[in-house]
Amino acid sequence: GAGVSQSPSNKVTEKGKDVELRCDPISGHTALYWYRQSLGQGLEFLIYFQGNSAPDKSGLPSDRFSAERTGGSVSTLTIQRTQQEDSAVYLCASSQAFGSSYEQYFGPGTRLTVT
Amino acid sequence: GDSVTQMEGPVTLSEEAFLTINCTYTATGYPSLFWYVQYPGEGLQLLLKATKADDKGSNKGFEATYRKETTSFHLEKGSVQVSDSAVYFCALTQEGAQKLVFGQGTRLTINP
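Read top to bottom, the protein sequences are chains A and U.
So that you can map any letter, position 41 of the first sequence is 41 in this note's numbering, and since no number is skipped, the others follow by simple counting.
So that you can map any letter, position 14 of the second sequence is 129 in this note's numbering, and since no number is skipped, the others follow by simple counting.
Isolated chain U (complex conformation):
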């Protein structure tokens, strides 16, 4: 079945550091790919998405590119802030299906 694998956490960085959170997937066909974020005490919210190969999703300074050749959707940000501290989830949905398949989540802590 479909699955998503994220880099192990937790990840701790200093403010203004460069961030990469790796995400790879296993799926047939052409899934849509997502990054969701869960800030402390808040619900899950969509950060960005890409629906076809080579698409780049971006939001709040975060970017991720849908790479079909490497089945990856790595999340990057050039300069992180303390407010980016959260748990990040990579996810996919299959064509014609609605359920989100999530990775295990990566807890990110940014120190001032």
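This is chain A alone, in the form it adopts within the complex:
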């Protein structure tokens, strides 16, 4: 079946512009996660959504970052007033439910370059 998909695959933007990154999780998966993979920081958690519960935003690095999940499916990560340090690969993952026994399936990522 279809895996996690993300768009765009690559995004180049100018410093100060806003960007939106999209994630389509595996159908039926109730949990959705965003991570960031950068040279300086490695792989780091940003935010996760589980069903209708309030999202865990504890990993968002600043208030320029926000995310929403509409209808319990598609998610959008928005970065406002982008900075060069936001350049990274943004990964989305989904899992069947809450709990460490449920595997997180990762998408191919969106490579963001801020010039």
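By construction, these hints were calculated from the structure, which means they are not laboratory data.
There may be inaccurate statements among the hints.
Unchecked claim - For the chain U half of the interface with chain A, some residues (derived, Cβ under 8 Å), not all of them: (1) 159; (2) 160; (3) 161; (4) 200; (5) 204.
Unchecked claim - Negatives, chain A to chain U, calculated, CB over 12 Å: (6) 6; (7) 8; (8) 12; (9) 14; (10) 20; (11) 47; (12) 66; (13) 71; (14) 74; (15) 80.
What the hints assert, rightly or not - In silico lysine to any residue, SDA-like type, Cα no more than 25 Å apart, as pairs: (16) U:175 with A:57; (17) U:171 with A:108; (18) A:57 with U:171; (19) U:171 with A:101.
We put the CB at the ideal spot given by N, CA and C, even for glycine.
Once you've looked at the hints, dock chain U against the given chain A.
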């Protein structure tokens, strides 16, 4: 806070060599431990996991044992292949939490 430390890379081996990638963790309680792999041009995928002390995870000839006394989860394979060339990430999740905490990754290259 919780953290994961992996051996520094890159690691280069010849085909059929024995592989060990060290991983140690710092965490309270009883985390679940994972190895993820990222093949060239592909997304992260789960390789194996262990959810309690002394559990052994295994997949594709790779093994790792959850050692609480040494807070370690070292990845091993008896005979590597060129197709094992990838970046390997050790990770943990805490009880009741969902976020994965990753190590810095180890790039492995296997030469024929």
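Each hint tested on the structure:
no., hint, result
1, 159, "holds (4 Å)"
2, 160, "holds (7 Å)"
3, 161, "holds (5 Å)"
4, 200, "violated (19 Å)"
5, 204, "holds (6 Å)"
6, 6, "violated (9 Å)"
7, 8, "holds (15 Å)"
8, 12, "holds (20 Å)"
9, 14, "holds (28 Å)"
10, 20, "holds (20 Å)"
11, 47, "violated (9 Å)"
12, 66, "holds (17 Å)"
13, 71, "holds (20 Å)"
14, 74, "holds (18 Å)"
15, 80, "holds (23 Å)"
16, U:175 with A:57, "violated (35 Å)"
17, U:171 with A:108, "violated (28 Å)"
18, A:57 with U:171, "violated (32 Å)"
19, U:171 with A:101, "holds (15 Å)"
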